[in-house]
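J.: So you can see what is in the structure, the chains are spelled out below.
Protein chains: 2
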Amino acid sequence: MNQDYIQPDNWCIIEEGFDAERVKSSESLFSIGNGAMGQRANFEEQYSGNTFQGSYIAGVYYPDKTKVGWWKNGYPEYFAKVLNAPNWIGINIEINGEELDLAKCTQVSDFRRELNMKEGIYTRSFSAVLQNGTEIEVNVRRFLSLDLDEAGFINYQIKPLNKDAAIVFKPYLDAGVHNEDANWEEKFWEPLQAQHTDNRGFVTARTFKTHFTATTFMHNTIVLGGSPQTITPQASNSEDHVAFSYAISCPQGQTAAIQKIGGYTVSMNHENTQQAAEQVIDQALALGFEAYETKQKEAWARIWEMSDITIEGDVKAQQGIRFNIFQLNQTYLGKDSRLNIGPKGFTGEKYGGSTYWDTEAYCIPFYMATKDQQVARNLLAYRYNQLDRAIENAGKLGFKNGAALYPMVTMNGEECHNEWEITFEEIHRNGAIAFAIFNYYRFTGDYSYIPEKGLEVLLGIARFWHQRATFSTYRNQYVILGVTGPNEYENNVNNNWYTNYIAKWCIDYALEQTDRVKAEYPADYSRIMAKVQLGDEERAAMQKVADNMYFPYSEEHGVYLQQDGFLDKELITVADLDKSQRPINQKWSWDRILRSPYIKQADTLQGFYFFEDHFSKEDLAKHFDFYEPFTVHESSLSPCVHSIQAAVLGRMEQAYTFYLRTSRLDLDDYNKEVEEGLHITSMAGTWMSIVEGFGGMRVRDNALHFEPRIPAQWEAYSFKINFRNQILKVSIGQNETQFALEGNEPIRVYVFGKEILVEPNGLVTV
Amino acid sequence: MNQDYIQPDNWCIIEEGFDAERVKSSESLFSIGNGAMGQRANFEEQYSGNTFQGSYIAGVYYPDKTKVGWWKNGYPEYFAKVLNAPNWIGINIEINGEELDLAKCTQVSDFRRELNMKEGIYTRSFSAVLQNGTEIEVNVRRFLSLDLDEAGFINYQIKPLNKDAAIVFKPYLDAGVHNEDANWEEKFWEPLQAQHTDNRGFVTARTFKTHFTATTFMHNTIVLGGSPQTITPQASNSEDHVAFSYAISCPQGQTAAIQKIGGYTVSMNHENTQQAAEQVIDQALALGFEAYETKQKEAWARIWEMSDITIEGDVKAQQGIRFNIFQLNQTYLGKDSRLNIGPKGFTGEKYGGSTYWDTEAYCIPFYMATKDQQVARNLLAYRYNQLDRAIENAGKLGFKNGAALYPMVTMNGEECHNEWEITFEEIHRNGAIAFAIFNYYRFTGDYSYIPEKGLEVLLGIARFWHQRATFSTYRNQYVILGVTGPNEYENNVNNNWYTNYIAKWCIDYALEQTDRVKAEYPADYSRIMAKVQLGDEERAAMQKVADNMYFPYSEEHGVYLQQDGFLDKELITVADLDKSQRPINQKWSWDRILRSPYIKQADTLQGFYFFEDHFSKEDLAKHFDFYEPFTVHESSLSPCVHSIQAAVLGRMEQAYTFYLRTSRLDLDDYNKEVEEGLHITSMAGTWMSIVEGFGGMRVRDNALHFEPRIPAQWEAYSFKINFRNQILKVSIGQNETQFALEGNEPIRVYVFGKEILVEPNGLVTV
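Those protein sequences? They're chains A and B, same order as listed. For the first sequence, position 448 (counting from the first letter as 1) is numbered 448 according to UniProt numbering, and the numbering increases by one without interruption. For the second sequence, position 301 (counting from the first letter as 1) is numbered 301 according to UniProt numbering, and the numbering increases by one without interruption.
Looking at chain A on its own, in the form it has when it is part of the complex (with noise of 0.2 angstroms):
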């Protein structure tokens, strides 16, 4: 199901024609949300023919139980489900006593879906016969406020065209929703009460086990001909359920609108739910839809000012970049340091839980270059916030005195992924935590979350790494063994590369820290020596494990191997591969996978991407000559890092193909499973594709290198990038390329190597 549906547009996502077949894919390539909560794009009205309805509130989940037949010790108890959760949209239609249902009109026509990624507004339209025979067009506009992010807003008008029409409205609430992947059928929400007063509707619902109590509410107006009318509604409530009944007449060619105010207040923000909900309905009422739909462009447009990247001559790439920026900017905007970023976002439940190693790996550079530097901080302040956690679960894993080891998947700092070994063996995402840190401060200056809160989690992450290698009399060497690198496609091997390089890098950076905090904050330093109690035999063993730790290398190929027995493979590259059997993961049995040399996503060239300038240019086109061809980025995740790497390399016709398939994963459907929901983290991959591979920025010595090039298909792009609370536009054309900023101060930048001063409010062309 590769689609080509979707229009190319600079702006805007718009899918013309009704298509019963592409519902599914389209309610998750217009969803909307506002880093609070998020929606698919389900019809509001009731429809018949396949759907996948979901509404997400960011931070609500339920531990839903699993049962697996042979049960591996040390798994945990539960797997941690993004929560669907209780429907404010629906508003089912009645037109002269026929329900309005797509799926059963006998005709549909000027169908279109839009998705106003500049102004974060999504509009539906469309006109139908229904078998009664009334024409009707229909035009929906919809959109969750930036500004008040407890509310959503639909304006839902309706206008007969060949008749009168006796309309009936009937929005609802409604908490009986259940997950699609919940495992055993069970109700994750219990219904507290439903009430109604006026035009206010109110469902509050507690989940179960995990006791968030949510209340999800509605306010209704009824217009006609632009003419706000009074109609009391008819009123039903059962437990979990609240609907109203607004009948009104419409003449033939006016239009009758429904204006719903809808959301969640939540036990996270608020003592009482349902009065913080009365409060949203006052706020909402007292500016109106207009005046928060004009604030909605407004916030839009400073979010924009911000992340845009423009590209000239090619509005597929064009599209692809927006539609990804526009969804991570959907998902999470950092105010809140208890949320993180799903691999879902609000669009699907595929995946559960909140945080994966793709926060720390993909998404911090988009946020901490895009945004206010405290947003960075805050995701890396979650972990921080969880390091007890991280602690409890390597201790359950039999590690001791203060090994952390972050979850593999989480929504509160526990583990929740269970069911597959990999849990335990897909270690190396405590590397890219402490990673993080290190890139925190190399990118923003700001050395001092390492002394506040960042050398604890350093020190915890030292000493699983310390306690995890195993001495090998053998090797006289230290090993790791029995791990799965991010190539998910070996699993239980010994010696990753990946995994090996980061470990004694994790260690190395640790002390180097911990003898720096000591140098300059000698007060943090005894605070947190007294809490982790760091001895010097502890701290020598350490050392002797990062200084003396064994990486798989390839004499006859100059390169490391990505784990032990790498060259016992069967070395067929991809291009030699049947088309038939691809993709693998949907093609073959598991354990043939597993034997095959098939990469599913970058793995030693992960590594080269974290340090690399550890690694000669020669170093990287080497390894990237070895792997490349054995790769086959089945995991979204992959070719952003071979994009970028081929940029470096100068190949940029590689870089650009691997670019349109980050950028268009979604919207081209690559993978053929948009339906379940869209890929949020690895579009911050995208970010990073074009700004680390085509611009070449990196941090060095506190300033910025670029090293320019653009795609033969480009006429210009460019990109800003917030340095150290300084906003520097890189615009880059097929022959120069022009720095602007807007600041206080003048900055150095260098570009391929040569120095080159911006000043304030100038502009610099090289």
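Some hints could be false.
Taking lysine-lysine pairs in the DSS-like style, the calculated list, with each CA pair at most 25 angstroms apart, reads [as the list claims (entries may be wrong)]:
(1) Lys65/B - Lys579/A
(2) Lys65/B - Lys187/A
(3) Lys371/A - Lys65/A
(4) Lys187/B - Lys65/A
No lab work stands behind these hints, which were simulated from the structure alone.
Following the hints, complete the assembly by docking chain B onto the known chain A.
T.: The following block gives chain B in isolation, referenced to the frame of chain A:
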């Protein structure tokens, strides 16, 4: 729960005293079976304490669907569960208006269970005081007939001790049973019909999905003071239940009894199961309870006549081996080639499926030497009959051209083990299936099986190994990647020595037999070649793999390595492991087990057991000394192999310790899990420990060889071998060995290599 409540006895398993905590363990230990059906030793009467109700019919299973979050391609859709069959043993008892329930009596005394292994009869007796003050004595006698193997017999006697008693016997049939291990709390049986006439009751039910129909039946006779009574029962039916109610007044001191005949007739064996059930009842009544009890003793005497092993001077060792031999014969008698030897027999549900490599690796030698050789041939034919399914199974994993991969676990030839990658990885099972063919011919001299059936199996297996091996250009040899060897505490390893070794052997043996069949059975050869289409090119390619197989070897230690990378492990011996860490499968997380050096069961040493003649005794000693110290024996299949090898190496104390562990594994509950059922297949390993270990029996060049040894704790032991239709009895004392032959022709045997002639019905002392 290391129990020691079973009384030592040469012929009986005896429990004295009632302990509610032991009920589930005793239900396992006192299980009875007759090859066609079996049951845990559940009480007949109501019991409200903790119990695990289990009744099983050979060959009747249910494909339970499985749910795993991260499904791997290639997993089978279901896990075949050993199905809990309808209950026919139930007899509720009312005494003076009170329900008899041992959990509710005010006093229980003289409680005794006895499983008489010599006779195949299980008895239970106790005295009890009911809450209403009635004192009673109860004696129950139960057996599953070996002669009429669809029927079981119960004689349930009650004697009121302190007053007259109004007794109501309420025998019933109940198809509303469930499996303890059901994944979905689904019902597995669909009731079709429940009916009764006179004293007969019938419930016919059909399994969902597999559509086995079983009629569960009963017939009841009430006896007072030895005289059968004519009492018209009250009867009640529901859709899955039939119950009778017989009221009788029993004077103090007299005995009232119910004789219940019950059992199953199944659609595997009958077109009309209800009619068949009527006939079984007729047959049972024609001779009656006592006659069938006599026949039962005679049938078990015949079994013991051939398969008994006597041990003098060590009652616990004697009880252990008889318990093992008894259970094997209760589980499988070799009459029906559709059946096989489930790992828990009829004593529990855990593991599911009926057939593992256990059959070929452990059970066949026992059945071959203690039964008519047709029985072993039936076990081989079971795999031949499933060859097409094994080829299909390999096809699902991407293998072609007739390559066969026998399932990890099966009921009907299909793979039914899922939820864990070893399904795909533990492919060494294929090797044991080929080895059994070789072993059958070696032992019986019956070559005819190979041209008739065996060669096709051998070639399917050889093709699998050929395709499964990978050519490593790096090693310039063939490697086998991504396997799990017999030691399941290693997963997804490369070049497991045992697997590589047996793979090479399978190819060599298949090609040798192809040549022999071509030369000696040209008609069979043509038939087989027309079917399997083995060309010269494929043959040569197969041979090349066998000739160039890679075997990991350590020069330093002079041993083959269990797999690549074994020496990277931290080689701390089990002796140096803190006892609090054992058993590691309960104390450690799975990842820690995987990267440890600890060996769950003989792996490299399993290869030395199978291919003993390929290696010198010095080689064996070196490998035993290297691997034994890392072996935790947390599989029931492990100690027997180590016992045999310790005996071969003359380390009798160690051999004896392993023997006790294997023979009393369940009686002494070494693994703390006997509640779940018995370890049936490993019991054949116990037999091997004595015959092949202590007795040193081998077959070489069509002759029996012995190297008799005896543990210091024993005065003497003896066993019999059916060698090519002559029965050789071997009696081994501390100073001499006697051979006695029941047969027609003299037989040459070798004792420590020295030839000895044993005449028919003669006796030789060495």
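J.: For every hint, state whether the structure bears it out.
T.: Cross-check of the supplied hints:
Distance restraint check for Lys65/B and Lys579/A: the Cα-Cα separation of roughly 33 angstroms exceeds the 25 angstroms cut-off, and the hinted pair is therefore not satisfied. A threshold of 25 angstroms between alpha carbons decides the hint, and for Lys65/B with Lys187/A the separation of about 22 angstroms falls inside it, so the pair holds. Distance hint between Lys371/A and Lys65/A is unfulfilled; the C-alpha atoms sit about 38 angstroms from each other, more than 25 angstroms. Distance hint between Lys187/B and Lys65/A is fulfilled; the C-alpha atoms sit about 22 angstroms from each other, no more than 25 angstroms.
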